[in-house]
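Spelled out from the first residue to the last, the chains are:
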Amino acid sequence: MIQSAELKNFGPLRDFKVDRFENINLIIGENSSGKSFLLKALYSAIKSIEDFKRGDDIRNISEILSDRLYWTFQTEKIGDIVSKNADKTSPLTFKIFLDGKEFQYSYGRNTQKSIQNIVNKTIPREGNSIFIPAKEVLTLFNVIIQSREKDKIFGFDDTYLDLVRALRIPVTKGNNYPSFSSSRKVLEDLIGGKVKYDGESGKWQFNKDRMKFSVGATAEGIKKIAIFDTLLGNRYLNKSSVIFIDEPESSLHPDAISKYLDIIFTLAQDGIQFFIASHSYFVVKKLYLIAQKNKINLPVIILNKNSDEYELDNLVNGIPDNTIIRESIRLYKEEIDAIL
Amino acid sequence: MNKKISIEESNMIFGPYDKEQFFHIENSYIYKNLGKNVKITEFILLKQVNSEKKMYIIEAKSSAPNPGNNKSENFDKYIDEISEKLLNSLLLTVATFFERHKDNYYEFPDEFKKVYNYSLKTILLLVINNHKIEWLDPISIALNIKMRNVSRTWPLKVAVINDSIAREKGFIT
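So the sequence lines, in the order shown, correspond to chains A and B. Remember, the numbering used here sits 223 above the position in the first sequence when you count from 1. Counted from 1, the second sequence has number 100 at position 102 by the numbering used here; the numbering is strictly sequential.
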């Protein structure tokens, strides 16, 4: 798991440090406050470490990381990720402790593609981490593959490409972790059927009541659940995986959000680490209840779009003051003003 | 000059209100003659808001279920109890307007008799002392759902506020 992180001049994150992450970590903040940026920064690092020395890949860690940053942030040169407001001589620095070992790198704003300053003390990882973006990918499955694997053009970043590649792995029966199997059962009950990839036609289908539907004609929420279900069923993930979820609430009914987060808690107890970025009152509330009921530390990082400052809190101590709650209060006052 | 009245309920000082615009239903003979089993709210208030007069049926509470003290059954029981009080108070008020309690009709302030008409806007208002604003919405939603049939059949609004909003809106001092 990622124990800690320290980022400087990393896009909107000018000076960011968390000493202790837990198995579930929540990131909240307004639009453009840097939530997705933080998830992608952590994701590109852990994926680089996981790719390093895997199979016959002979690339060194610097090459892998540079590629990852380039295709994840999709800027002309990776130096463009360095904070615009930073001093011209101040480099971007990134440091995490992963599974107790240090991984860090730094580079300046003129860097085109090659990162020279890199320290990797991590040990090779067997697990696969994954990033689940806010938008579903099943409908655009072949478009993403075409644009990235064949045309090699910007548009869909590495988080999308990795996900569609992971979803191409067929689901296998039996011998799964009990927590994965029980979670899949809940997910399948939620959507009332199964979404499957048909290798022959290269298309996704939703099977319900012995009928097959094209995935394009299927509700967004079903596709979202199906993605998680497939990842838990095709052995892509294991207990050392780190899962990054951007806006789990998108396309989901609050009842489904609650069940989705219950599953996340079950999996987190088994060792999987989650980083969740959200705008949703229901997500904050449900994670707060999970922290309270189970007396677990659940760090919440509150980013601020108008300043470099951020707040760290813990949902086990209550719901901290934040813009989501403030907006719900403002709406409540507006309602009361209209009535009274 | 109109006489003013204030009352203390749930550790909040309600008022001062014009005596003619305030009906302490809980202390009225109308209510006392009903017997002990009818639960009722504290008082009824007429209030001028901009260009119109509104009638508030007000229940005050010193506490409410919240994330620190709540068990779901407490929450449901609380909503049941409040909705019963508000509904009884509404029925009793309407019954009084229609002089169904003839012997005690004199208790009703003249101002109420004067302004009552079918279009008088009615608000069932729960005021909870010392309750965080972020905890009000769930109570408001639950109470509105519970009283949905009432608020549809007798068009009215149901609102839940805390002491700080009550002070801001001039209900308490």
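A few of these clues could be false.
[To be verified] With a Cα cut of at most 27 Å, we get these calculated DSS-like pairs of lysine-lysine: (1) K51/B with K516/A; (2) K419/A with K435/A; (3) K111/B with K556/A; (4) K482/A with K144/B; (5) K556/A with K155/B; (6) K51/B with K556/A; (7) K112/B with K75/B; (8) K111/B with K516/A.
Since the hints were made in silico from the structure, they are not lab data.
Now the hints, each set against the structure:
1. Simply put, K51/B and K516/A have alpha-carbon atoms about 47 Å apart, too far for the 27 Å limit, and the pair is violated.
2. Of the pairs offered as hints, the one joining K419/A and K435/A holds, with about 10 Å between alpha carbons and a cut-off of 27 Å not exceeded.
3. With a CA separation close to 32 Å, the supplied pair K111/B and K556/A exceeds the 27 Å bound.
4. Only pairs whose Cα atoms come within 27 Å are accepted, and K482/A paired with K144/B is accepted, the gap being roughly 26 Å.
5. A C-alpha spacing of about 15 Å is found between K556/A and K155/B, which places the hinted pair at or below 27 Å, so the restraint holds.
6. Restraint check: the Cα-Cα separation between K51/B and K556/A comes to about 21 Å, which is no more than 27 Å; the hinted pair holds.
7. Between K112/B and K75/B the alpha-carbon distance is near 37 Å, which puts this suggested pair outside the 27 Å criterion.
8. Proposed proximity of K111/B and K516/A is contradicted: the alpha carbons are some 53 Å apart, above 27 Å.
The structure fails hints 1, 3, 7, 8 (numbered hints given earlier, in ascending order).
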